[in-house]
Structure formats: structure tokens, C-alpha cells
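S.K.: These are the residues of each chain, in order.
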Amino acid sequence: MISADPGIWIAAFFTIAATSYVFRDNPAFKFAEHTFVGCAAGYSVAWNLTQLQRVGLTPMMERGIYTYLIPIVLGLTVYFQYSTEYRWIARYGVAFMMGQGIGMALRAKMREDFIMQLRATVTPLDSALGIVIFILVITGALHFVFTVKRVESEPFRTLTIIGRYGILVALGASFGNTVMTRLGQYQGRMIFLIRDWLGLVA
Amino acid sequence: MSEILKRPIPLLITFVVGMLMVLEYFFTVPALTATYDTVNTWRVILYACVYLGTINLLLLHGRRVMRRDPGQWYYSAWLIVMIAAYAVLGLVWGVDSMNYRWMIDNVDVPLGATMYASLAFYMASGAYRVMKVRNLGTGLLLLSAFLVIIGNTPLFPATWEGFATIRNTIFDTFVVGSYRAIRFGVGLGGIALGIRTLVGLETGYMGRRE
Amino acid sequence: MAIIKSGYVLSFVAFILFAVVMWVYGEYSKRGRVPYVKRLPAFDAMEEAVGRAVEMGRPVVMVPGRGSFTDLFVAQTVAGLTVLNYVAGLCARYGVKLWAPMADHLVIPVARENVRDAYAAEGKLDELDVEETLPYVSGSQFAWASSVIGYYARERPAANIMVGAFWAESMMLAESAGRIGALQIGGTARLYQLPFFAAVCDYTLLGEEIFAASAYMTQDPIVITSLATTDVFRLVGWVIIIVGAILSTVGINVVYQFLSI
Amino acid sequence: MSLWDKLEAVPNWVLYILVLLAMAYPIFRPLGLPIVVGGPSQEAYKAVDATPEGTYAVFHIAYGAGGKPTLQPAAVAMSHHLFEKNLKVIYFCDNAVDLANIWGIFDEVSPDTRYGKEYGSDYVVLSLTGPFLTQAAVVLSNLLETIPTDARGQSLKGMPMFQGYTETEDINIVCQLTTSGDISEGWVYQAVSRYERRLVGGWLSMMTSSMIPYYQAGQIQGFIDGSKGAADYEVLTNKPGEAVKITDILSLTQVVYLLFIIIGNVGYFGKKYMGGGK
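Protein chains in written order, with this note's numbering: chain A, 153 to 354; chain B, 259 to 468; chain C, 115 to 375; chain D, -14 to 263.
Think of the hints as simulated: they come from the structure by calculation, not from any bench.
Any given hint could be a false lead.
Here are some, though not all, of the chain D residues that point toward chain C, as calculated from beta-carbon distances under 7 Å [what the hints assert, rightly or not]:
| hint | residue |
| --- | --- |
| 1 | G89 |
| 2 | M191 |
| 3 | S195 |
Below are the DMTMM-like pairs computed for lysine to aspartate or glutamate, each with C-alpha atoms no more than 20 Å apart in a straight line [claimed, not checked]:
| hint | chain 1 | residue 1 | chain 2 | residue 2 |
| --- | --- | --- | --- | --- |
| 4 | C | K119 | D | E152 |
| 5 | D | K142 | D | E103 |
| 6 | A | K182 | B | D327 |
| 7 | B | K264 | A | E237 |
| 8 | C | K152 | C | D334 |
| 9 | C | K211 | C | E161 |
| 10 | A | K301 | C | D334 |
| 11 | D | K142 | D | D107 |
| 12 | D | K224 | D | E28 |
| 13 | C | K119 | D | E181 |
| 14 | C | K238 | C | E227 |
| 15 | D | K142 | B | D295 |
| 16 | C | K119 | B | D295 |
| 17 | C | K238 | C | E161 |
| 18 | C | K119 | C | E141 |
| 19 | D | K102 | D | E38 |
| 20 | C | K211 | C | E245 |
| 21 | D | K70 | D | E28 |
| 22 | C | K119 | D | E154 |
| 23 | D | K142 | A | E214 |
| 24 | A | K301 | C | D158 |
| 25 | C | K152 | A | E306 |
| 26 | D | K257 | C | D316 |
| 27 | D | K31 | D | E69 |
| 28 | D | K102 | D | D92 |
| 29 | C | K152 | A | E237 |
| 30 | D | K142 | D | E130 |
To list a few chain D residues with every Cβ distance to chain A over 12 Å, as calculated [claimed, not checked]:
| hint | residue |
| --- | --- |
| 31 | V22 |
| 32 | K31 |
| 33 | G39 |
| 34 | P54 |
| 35 | D79 |
| 36 | Y100 |
| 37 | V109 |
| 38 | G149 |
| 39 | T153 |
| 40 | V241 |
All C-beta atoms, glycine included, are put in the ideal place defined by N, C-alpha and C.
Looking at chain A on its own, in the form it has when it is part of the complex:
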């Protein structure tokens, strides 16, 4: 039994409009896309203003944490990038954001992306699995060496070629998984259209 819920009908319209783009760009898609960009911007404004009030302003007023003025002022400096003369003031907010962001993103990489990965590979070469991983890691690592001329001559050159083919097989596996991702995502929409909207299936 076809759905009577207006919300489901709106959702069905947007599902079809967003799909139509694949066949040909058309007004329904343009309308859908501008709606999507607009409401995403709209709810992020509402969300962040709510957070600013709950996390920043209320504690500052009620618990007297006036140091919260510092991040608020830093945040406002960013708007000076619109002025040509005082553009440099915006650098204060950006500098704080970049320092905090880069420092946070940088700090664990040595351990988790290098040391721990090395440790996971210095395991006994007593299984076919372990040996293949070992070969792929050392050939793959050589493939990304760009500033050492010695690595471009034998025997390293062959190892780097093996490394590149290993990487291509791995990328193929990743591609295969991406097929499942994208098809699975649209599958969900198809179930919505046939079951929730048209009610052709229980």
C-alpha cells in the first residue's frame, strides 16, 4: 500500500531527483542539489550556534570562566581576512587553529604509522602469509624511495617493480570493495523506494 506520509513523499522526490543527474543534468537535480547545499549549511549554523551557547557563553556567564573570551576573540579575528588592510589580523586565529590541528594530527604518526608497523613486520617468517607480507612491505617501501640513486639500479630496481605490482593488486582489492560500497549505498535507497514509499513489499 503506497505510503501516505508526506515526509516519505518528499524523501522519494529527492531520491529520484538526485538519481536523475546520472542520466542527464536537469532542473530537478539542480533544485535538489541547491537544497542539499543550503540545508547542510543551515543546520551547521544552528548546530554550532547551539554549541557556542552551551559550551562557551553559558559557562562563561554562570561559572564566570572569562578566559573563554580568548577563543571567542581568536575566532572573530578570522573575519578580518575579508579586509584588505587588516588581513594580517586573521592570521592569529588561523595560527592557533593550524598549530593545534597540525600538532594533534602529527604527534601519534611516528608511533602508529611507523614504529608499530615495523614491529608488526618483524615477526617470524614461518608462514606463507608472513613471508608474502614481508616481501610486499620491503618491496613496496623501496618503491617510494625517490632521493637515493642507488635504489634505481639492480637488484633494487627489480624489487621496486615487484613492489609496484603488489601495490596495484592491493589497489584492485580496494576497488573491488568500493564496488560493494557504492552498490550497497544505492541498494538502501532502492529498498526505501520500493518498500517504504511504494509499499510493494512488506
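Here the structure of chain A is known, so what remains is to put chains B, C and D in place on it, guided by the hints.
M.R.: For chains B, C and D alone, kept in the frame of chain A given last:
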């Protein structure tokens, strides 16, 4: 004095805050962690003050409406109405209200889900049109993709468990080994970029180097 | 003494060593001894791509990615702009039409300045219209992608070069350009989009190769010292893995313990 | 036009109609194929199962609209498991779509009626903002100080589940479901590396390749590999639902996909070697 304010002091802020984050990770020093927690709280509040993306959007589409760009201005006008509606109703009703959930579930979710999902069609035409075995490299890539897709399709492992084993073996060997080699670079390259930024050698984000 | 957490000592020492090695390479390059950088096949392909455009009398599309300067993909965006600068120079020299769609407000002025410099160096600045060659297409992902795909279908470019940070739109671009038979060179360090470029492009820059390609073009000492430093650590890691794996196979786990301090 | 040219000239809209039909048909006639549960899903299940009763679990919902069709079923199955284990669950998100997704999870799981759980005593929903790595640090180490209220504006310190709550130590496991690489990798840097908590990952299957080195190195306990992992977890928790349905249907769609690759290449090689070379 104003020259120091323009560049050296912002770079110093980036370095000091960046090093605070790094040192807090390696050393258990209560005062350091307390400062770090405060800076994180400030970062959340600062984030909630910055609406540049929405402002740029309003400027861009506002200009299109003012100029009455043919075939575009009414879409831009609608976009501005959408920003206003979702922003105001989000504050009036509350972003956690059931009314707002209705607006999200019936507009945003179908749009967001379907736009990404429609990439499935590009993958289908891509598979047919451009995924050709042109050389050994693309051949290996396609063979591996083929075996993984078969392993991911319950129809095949249900007939012969070996298909699932082949798929899992490809992941447990090629993907682990090769992506670990790739991850070395992501990690070390990320550290190099991070250090360059903290010491002020990489200031792309501050606009061109004067 | 500040208590360094157990299991983090080696990482901290390695982190400090990384900064020191980078500083040492920096000092060397200041005295003119910039480290060597490998010439990648995809780099030669760019010359081939512009040559093909001259023969076919069709434009070259160069997409420097959709990243910005303030997000963590700044390095990929800068690499993309370097390749844009190089391709723009070739297009100016051989009188080929270039089209480079823009997606980020902060990147536009820098990209246009780069291309102006490239055309000026070839003495062809008068032939350049930055508004048309580097148009701001859109900030939103799918609107941007549909405009680029529209350009491929209309202009049928001879070559499509995509280097920089890409997201889900990479498959759309690669598929559409492949459909019209353009010679494709793709490169990104965003791992999730790498499979599409590798599957569809004629030449692919895998992950960090985009940094090596841009470093080769500019010989920028700052980027090259970074590459050289990461190579030092990669090769040290290479030796550790070989020694460690062999020793642990015969039951000596000293390397594993060393990596755990 | 030779046979090979015909094979290579199928227009796109025909391909798309075939894909749509292949997706629609099994919805009417489910194939009902058995699910072969993968290793990583089993490890994820075991990790949650080994969590001591009464400890805290952080559950990060970050798949938005794009990931909802394939990952929301995993969130539902995992929520059933967390409540069955009598854990105190801290749900958190950083946008309105994921908050709507969390309300959707509670509609299906109904923790109050089915498990006798009470909001504020057994589970809570937080809405945060800021760069992700900062959010993770706040949730794991400085929650009550930084975030005064929950998603509905109620005070956290007043809630029974936060009486005597000690930051970080009380959190036994972090579960996350996301479509963003920065978040899946970010959790390794924060939850595993900085705060040494157990981590169960969950993402779109296209992200598995770049995350699997962390799993093989033991940094991640187990993970949900897209809709396939979600179906596995539904089977493991004995709650078959949307994911089992999607994976069943995917069988036919992916077979059609394989045919496209084959036909495309047959046409390509036919033309190249049999006649009318390119």
C-alpha cells in the same frame, strides 16, 4: 612593532601550541595535560565562532540573485531560503527536537545518501567502458578486483567457501603488505609536513610568502 | 624528570631525530647541495600529453584537486598547483588551450598567479585569460564535478591531468574523461581515491609520488629535504624489518623488544 | 559495425537500467543466501563481548547521510549488543544528521522497553563540535569539564551515570562507525595511541584497505567492513535486519557488475586482435 605582529608572532603561536600538543602526547606531566585540555576546550569554542563557509556561500549566491544570473538566480535564492530555514528552525525548535529530525530525515538524508550512492552508476559505466586490461599492471589490478567482488558476493561463497578464502587471503597478504608500505609514507610524510608547518617553513595557509 | 610513557620512548627519540635530519638536509641545501630527486615516468607523460593536444588541436584539462590551504591536504594542493604551473608552461610554449577548474576560494588567487608566471616566462602573457582558463566552477562537490564532466563532453580534451586532493568525484572525472579517449595522468595521496586513478589512468602517481613529481619540477629545497628525510627513515625501517624478521625466525626477538620501548 | 564494436557501444542508460533492475528484482524475490561471517567482524564481536559489565563504552556515530544505508544496520546491531552487556553507553556525534541517525537507532533498539535501560543512568547522547581529533580528546579525557550538557541541553554532572565518573579510566572500549578516513585513522591516534583504550572500528568497505594494517598490527581489535560487516554483526548478535537484506540483494547487482567488466574487455580484445584494431 607592527612588522612583528604581522608574521613572527602568529608563527610563534603556531609553534608553541603545536609543541604543546606534541609534548603532551609523550610526557605525563599534569600541568602540561591541564594546559592541553584547556587549549582543546578553547579550540571547540573557537570552532563554533567561525562561519566562513556559510558566509562565502551567502556572498556567492547573494551576488547571483542580485545580478539575476539567467537560469541560476532562482536556484540561488532557494538555497539562501534553505540556509535561513534550517538555521532559524534549528535554533527555535532546537537541533535535537523531533520536528528538526523530521526535516533532516526527509530532506537531508535522502539527498546525501542518494548523491553518494549514485556513484554506483558511474562505477557501472566505468567498469564497462574504461576498465580494460591494457597492460600487466591494470591486468593484475582487475584480476584482484574481480576476485574480491566474487568473494564479496554471497552467491559465490555460498556455493564454494573457497571464494571467501581467496578474497580474505588477498586482503591478509597483498592489502596488508602493500598498504603498510604506503602507510609508512603517509606517516613520515605527514610528520615532515607537520614539522615544516610548525617551524614556519610551510606557510601556504598564510597566503603567499611575502 | 618528566616521566615519558613506556612504549613511547623510541617514538619520541625517532621524532626528534626526524627533525634533526630534516634540519641537516636543510642546511646542506642552503649551501647549494640539494638532494637528488628521481624523474618519474608520469612526469615525461605530461610532455606527451601536451604534444597529443597539439596534434589533435584540442585543449588540455589540468585539475589541481579540490583541496584547500587550511585543511590537512595543503601539501597535496601545493603539489597539484606545481604540476599546474608546469603544464601551463608547456601549453603556453606549444600554443595549446588550457582549462583548470577551480573549487576553493583560497586556492584561486595563488593558482592564477602561478599560471600568469608560467605564461609570462614563455612570453605569452597576452594570450592568457585567467577568468576563462581558471574559472571558479563551484564550491560544492557534485556541482563542481558535473561542470567538469560537462566540459569533457563538449570540448573533448586531448589530455586530462588530475593531481592533488580528490574525493568521491575522482571516479566520475576519470570515467568521463576515459569515455572520450583522453590521455589521462592521475595522482593523489588520498588513499581512498587511488584505486580509481590506478584502474583508469594511463599514468598514475601513487600517493607520495605526487610530492616527488612536484619536487622534481620546482627543485624546491624545502620539499626535497622532506622527501630525503622520509627516505632515510624508510631505508632504516627497511633494514630493521629484514634484520628483525630473520632474527625472529630463528627465535631472537631483540628487535621486537627494541621497537616496544 | 562489427560484433566487437557493438559489444563496446552499449549506451550508458541501458547499463543504468540493468543496474536498477538487478537491484529491484531481489527485493521482491530474496535469494536468502547464508552469510559467511568474516574474521574482523568476529573479532569486533568478541571485543565488545569481553567488555566488563558496568564499564563505559563510547559509541561514535559519524556516517551521516551517505553511510546510513550500509552502516546504520551495524549501529543497531552493535547497540543491541552493548545494552545486552549492561554497559554504560556514551553516544556522540557532531552534526544534525548523525543526531537524527541516533534517534533512529533508539527507535529500532528501544533500550528502555526492551532492555530496561534509562536515559541518563545507562546511556546518554552528546552533541559536540570542533575538529575531530579535538572532539575525541575531549570525550576521552576532559568530558565533564568541557561539555556541560547533553544533546538535549540537560546537565551531565546531574546525571546518575556520571556520579563518580573518572575521566578516561572508566572508558573500557570505543566503538566507531564512519565514512571519513580522517575519523577512522584519528581514533587510532587518540583512543589507541594517546589514551590506550580498546578500539573497534567500522567504516565503508572502500576504506578497509588503508585501515587493515592497523588491524593486522593489533592496534584495532576488530572492525565492521561496510554492509558485509554489518550483516555479519547482525548474524552474530542474532538480530538479522537491513544489512542481511542488502547483502543478499548485492549478490545479483555485483554479478551484473562483473558481467560489465567481462563484456567490456571481450569487446576491447576482440577489436584489438580479431579485426578493426583501434
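S.K.: Each hint: holds or not?
M.R.: Here is what the structure says about each hint:
Because the closest C-beta pair between G89 (chain D) and chain C is about 23 Å apart, greater than 7 Å, the hint is violated. Look at M191 (chain D): its Cβ gets to within about 6 Å of chain C, closer than 7 Å, so that hint holds up. Interface restraint check: S195 (chain D) against chain C, minimum CB-CB distance 4 Å, threshold 7 Å, status holds. With a C-alpha separation of about 18 Å, the suggested pair K119 (chain C) and E152 (chain D) falls inside the 20 Å cut-off, and the hint holds.
With a C-alpha separation of about 16 Å, the suggested pairing of K142 (chain D) with E103 (chain D) holds against the 20 Å cut-off. For the proposed pair K182 (chain A) and D327 (chain B), the alpha carbon gap of about 15 Å is at most 20 Å, so the pair holds. With a C-alpha separation of about 12 Å, the suggested pair K264 (chain B) and E237 (chain A) falls inside the 20 Å cut-off, and the hint holds. The straight-line distance between the Cα atoms of K152 (chain C) and D334 (chain C) is roughly 14 Å, inside the 20 Å bound, and the hint therefore holds.
Taking the CA atoms of K211 (chain C) and E161 (chain C), the gap is about 14 Å. The hint holds against a cut of 20 Å. With a C-alpha separation of about 18 Å, the suggested pair K301 (chain A) and D334 (chain C) falls inside the 20 Å cut-off, and the hint holds. Restraint check for K142 (chain D) and D107 (chain D): the C-alpha separation of about 14 Å stays at or below 20 Å, so the hint holds. About 18 Å separates the Cα atoms of K224 (chain D) and E28 (chain D), which keeps this hinted pair within 20 Å; it holds.
About 11 Å separates the Cα atoms of K119 (chain C) and E181 (chain D), which keeps this hinted pair within 20 Å; it holds. A distance of roughly 14 Å separates the Cα atoms of K238 (chain C) and E227 (chain C); the hinted pair therefore holds under the 20 Å criterion. At roughly 18 Å between alpha-carbon atoms, K142 (chain D) and D295 (chain B) fall within 20 Å of each other, so this suggested pair holds. For the suggested pair K119 (chain C) and D295 (chain B), the alpha carbons sit about 18 Å apart, so the restraint of at most 20 Å is met.
Using a Cα cut-off of 20 Å, the hinted pair K238 (chain C) and E161 (chain C) holds, with the two alpha carbons roughly 18 Å apart. Between K119 (chain C) and E141 (chain C), the direct Cα distance comes to roughly 33 Å. Violation of the 20 Å bound is thereby established for this hinted pair. The suggested pairing of K102 (chain D) with E38 (chain D) holds, with an alpha-carbon distance near 14 Å, which does not exceed 20 Å. At roughly 13 Å between alpha-carbon atoms, K211 (chain C) and E245 (chain C) fall within 20 Å of each other, so this suggested pair holds.
At most 20 Å may separate the alpha-carbon atoms for a hinted pair to count; K70 (chain D) and E28 (chain D) meet this at roughly 16 Å. Restraint check for K119 (chain C) and E154 (chain D): the C-alpha separation of about 16 Å stays at or below 20 Å, so the hint holds. Note on K142 (chain D) and E214 (chain A): the hinted pairing holds, with a Cα-Cα distance of about 15 Å set against a maximum of 20 Å. Distance check on the hinted pair: K301 (chain A) and D158 (chain C) sit about 18 Å apart at the alpha-carbon level, within 20 Å; holds.
As the CA atoms of K152 (chain C) and E306 (chain A) are separated by approximately 15 Å, the hinted pair is consistent with the 20 Å bound. A hinted pair counts as satisfied when its Cα atoms are at most 20 Å apart, and K257 (chain D) with D316 (chain C) qualifies at roughly 17 Å. Proposed proximity of K31 (chain D) and E69 (chain D) is supported: the alpha carbons are some 14 Å apart, at most 20 Å. In summary, the hint linking K102 (chain D) to D92 (chain D) is supported, as the alpha carbons are separated by about 14 Å, within the 20 Å threshold.
Between K152 (chain C) and E237 (chain A), the direct Cα distance comes to roughly 43 Å. Violation of the 20 Å bound is thereby established for this hinted pair. A hinted pair counts as satisfied when its Cα atoms are at most 20 Å apart, and K142 (chain D) with E130 (chain D) qualifies at roughly 9 Å. The claim that V22 (chain D) lies off the interface holds: its Cβ sits roughly 16 Å from the closest Cβ of chain A, which is beyond the 12 Å cut-off. For K31 (chain D), the requirement that its beta carbon stay farther than 12 Å from each beta carbon of chain A is met, with the minimum near 20 Å.
No beta-carbon of chain A is positioned within 12 Å of the beta-carbon of G39 (chain D); the least distance is around 29 Å. With a closest Cβ-Cβ approach of about 2 Å to chain A, P54 (chain D) is found to fall inside the 12 Å limit, against its non-interface label. Remark: the non-interface label on D79 (chain D) conflicts with the geometry, its nearest Cβ contact in chain A lying 8 Å away (cut-off 12 Å). Once the 12 Å rule is applied to beta carbons, Y100 (chain D) is consistent with being away from chain A; the minimum gap is 26 Å.
No beta-carbon of chain A comes within 12 Å of the beta-carbon of V109 (chain D); the shortest separation is about 14 Å. Here G149 (chain D) stays apart from chain A, with its beta-carbon at least about 21 Å from theirs, past the 12 Å limit. At roughly 16 Å from the closest C-beta of chain A, the C-beta of T153 (chain D) stays outside 12 Å, upholding its exclusion from the interface. For V241 (chain D), the non-interface assignment is contradicted: its Cβ lies about 9 Å from the closest Cβ of chain A, within the 12 Å cut-off.
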